[in-house]
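There are 2 protein chains.
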Amino acid sequence: MESFSTKPFSANGREYCPPNQPVAVICLDGSADEYLDEALARNLMPNLKQISRAGYRGMARGALPSFTNVNNSSIVTGVSPEKHGISGNFFLNPENDEEVMMNSAAFLRADTLLAAAEAAGRKTGVVTAKEKLRDILSAGRTNGIAFSAEKAKEAKKGSHGIDNAEQYVGEGTPEIYSADASLFVLKAGCRLIERGDADFVYLSLTDFIQHKYRPTDETALSFYQDIDEQLGKLMAAGAVVGATADHGMNAKQCADASPNVVYLESKLSDEFGAGFRVILPITDPYVHHHGALGSFAVVHAPSSADLVKVMDWIDHLEGVTEVYDRETAVRKLELPSDRIGDLVVLSARNVVIGKTPEHHDLSHVATGLRSHGGRYEEMVPFIVSEALNPTYRQKADGDVRNFDIFDFVTNGIQA
Amino acid sequence: MESFSTKPFSANGREYCPPNQPVAVICLDGSADEYLDEALARNLMPNLKQISRAGYRGMARGALPSFTNVNNSSIVTGVSPEKHGISGNFFLNPENDEEVMMNSAAFLRADTLLAAAEAAGRKTGVVTAKEKLRDILSAGRTNGIAFSAEKAKEAKKGSHGIDNAEQYVGEGTPEIYSADASLFVLKAGCRLIERGDADFVYLSLTDFIQHKYRPTDETALSFYQDIDEQLGKLMAAGAVVGATADHGMNAKQCADASPNVVYLESKLSDEFGAGFRVILPITDPYVHHHGALGSFAVVHAPSSADLVKVMDWIDHLEGVTEVYDRETAVRKLELPSDRIGDLVVLSARNVVIGKTPEHHDLSHVATGLRSHGGRYEEMVPFIVSEALNPTYRQKADGDVRNFDIFDFVTNGIQA
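Here the protein sequences line up with chains Z and P, keeping their order. According to my numbering, the residues represented by the first sequence are 78 to 492, in order. According to my numbering, the residues represented by the second sequence are 78 to 492, in order.
Any given hint could turn out to be false.
To be verified - Here are the simulated EDC-like cross-link-like pairs (lysine to aspartate or glutamate), alpha carbons at most 16 Å apart as the crow flies: (1) Z:Lys-409 <-> P:Asp-392; (2) P:Lys-230 <-> P:Glu-208; (3) P:Lys-409 <-> Z:Asp-392; (4) P:Lys-409 <-> Z:Glu-395; (5) Z:Lys-409 <-> P:Glu-395; (6) Z:Lys-230 <-> Z:Glu-208; (7) P:Lys-472 <-> Z:Asp-438; (8) Z:Lys-289 <-> P:Asp-474.
Read the hints as simulated data drawn from the structure, not as lab findings.
The following block holds chain Z by itself, in its conformation from the complex (with noise of 0.2 Å):
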């Protein structure tokens, strides 16, 4: 029988003793609980129904802000974005005044579990949907695979411990707005596995689909089933598979459909003056998402500007829900405090915020927006293969967090 390494690692103070048989972490990026919910009323999703009787699902609580990198980061090193300093997609460096994408491993405060798994003997391995992703996941790591679907053509064995990845999966390279780009990287988890280039393994899916459709939409529910096909592979290749999300998704739009923005800059322009800038942090490449309209935003104030007043004017605008300084911030929301600006605000479960009207090109949201960042996007789904343990089904009912799910398959699945 083939034999995987069960010796213990610990990354960032918490210890992980993985079990003799592959292990694949799965983020379904974007799944609210009611994608789920639907696709298994309709029986697409066999694999999972059985996981609910014979494993676990459950519900986990995600970091703020719920946006892909934040959470990401938090999975891959199982502690909250105070610790790792991954605030959002994209932020304002203070050391340098530059708005810039918060993609390099560089930005990352804390060690990957990956590399310390990597370190005691595993074969590791990442598929990343979007490119923007893989440095921050490879960090640390010298010998296993990261590749992203977005960018499969261009892995070379040298800086991606793979060639020619398009024909080891089986597929071309997807187009990144695609159920595709997804489906690509739960594809690749699983020839990684079956073949034993890798035996543990994060797949981390990209949410074009939740953007764009409702959960009882067809594109929708024939994604999912296609995700349960995957998860199905997984689990016969003998992985114990873990599988969560980033975040939620709600739509946040008006009655007729059009985004429901809050335009942050403009609004303490146009009452406190000029010398405000609200960054969003749910910005990033991928545009036709989201148009840069989450339910998240940060607030580089003025030197002059009285921040208690502004807070509290900031907290009676309409849509908002929350509005923290700095410091409580760090303390409520586990955030990096130099890269939060002055103030963080976020906003309710069907509104978004912006920074001017000039500044988003809405002409993909236009008709529909559902997007992330808030408290309302905060729950996610939280799965494990196979039974737990009773320590950690007793676990299980604590504030279980989105990036315990390493620390469940490792540590928590009956023996």
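Dock chain P against the given chain Z, drawing on the hints supplied.
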């Protein structure tokens, strides 16, 4: 063919246009969505499964605090607690400084839509598991039927609109700490509609099962199976059925399964001296459920207290997630300003707020506390048995509230 009044009626600024068929709305007390998921995964809710496909199943945002009286009052009035005045199960009445149950219709400040439906010619019926709700739910009605499972044997034609309720339902008065207390309500509702004694019905269950059992426990699964059977009977009787919940439910315990409590009055006294009164609005006669421990509390501070300082101190307590002064609680949580003390406090997904250790009898929750009251029990299922019309299908993409359920079942279904 039998005909039902389709005369529109209004309550609290909302108009309702009932369909020419019986209408039944169910409050699935304490039904976190996970209860439905687990029962569905085991094929125990075929009628709900069918509704997911042919009707509508989604999530709605309840009223805060996520307690029974608050949300039942919202459901039957269609408005927030700020407008209907019911801020808990229990409060400190500022008019006479007495701590009392908030069970009386005398505390209700809004008309019920049930009274308006009755006035418009519908035959209304209310059946509630807990006697504590009967008075509020009956407010303003003159002819309709209203009785509780708990006190079924005491129902009289003159006061309850029905004699011999036990015989009518075909079952004896159930024990309040039981699944039967809820099932009696559903059976009564079916009987009322099947016999034509009521055609506009509100059925409010009790959450004993959810307080005591996880979604995967056999007792909970069996309970939801029984609920589903009654759901099917209501639909078979021709009713359009709406179902939602007053609140969700989460485990609130430490690793050893003992209650995870912040004793707020004790802590305030230790820090700031005597004079603070912490009121726990979850308090009700059903102590077996929760030991008066929930995730929401109000603080009445002595006049000498520095409220800003006290608020900030509470906000720093481990386990506390939100603290608001009165004005902010009214604005952000839609609460009635005169019934919430000086400060309102919410606690985390796995934390409850207590008064003092001496105040609580923990004997019924010593080895497992599941409770509610806070932000993490705010989101609840929202179910309509028939397909939504295009306007309401669009509306469902907004920030739907649990107290929109009568709106959806009357105005929202396809003609």
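Comparing the hints with the structure gives:
1. Z:Lys-409 <-> P:Asp-392: holds, 9 Å
2. P:Lys-230 <-> P:Glu-208: The hint holds at about 12 Å.
3. P:Lys-409 <-> Z:Asp-392: holds, 9 Å
4. P:Lys-409 <-> Z:Glu-395: With Cα atoms ~10 Å apart, P:Lys-409 and Z:Glu-395 stay inside 16 Å; holds.
5. Z:Lys-409 <-> P:Glu-395: holds, 10 Å
6. Z:Lys-230 <-> Z:Glu-208: Answer holds: Z:Lys-230 to Z:Glu-208 is near 12 Å, not above 16 Å.
7. P:Lys-472 <-> Z:Asp-438: violated, 25 Å
8. Z:Lys-289 <-> P:Asp-474: holds, 13 Å
Of the hints listed earlier, the one the structure fails to meet is number 7.
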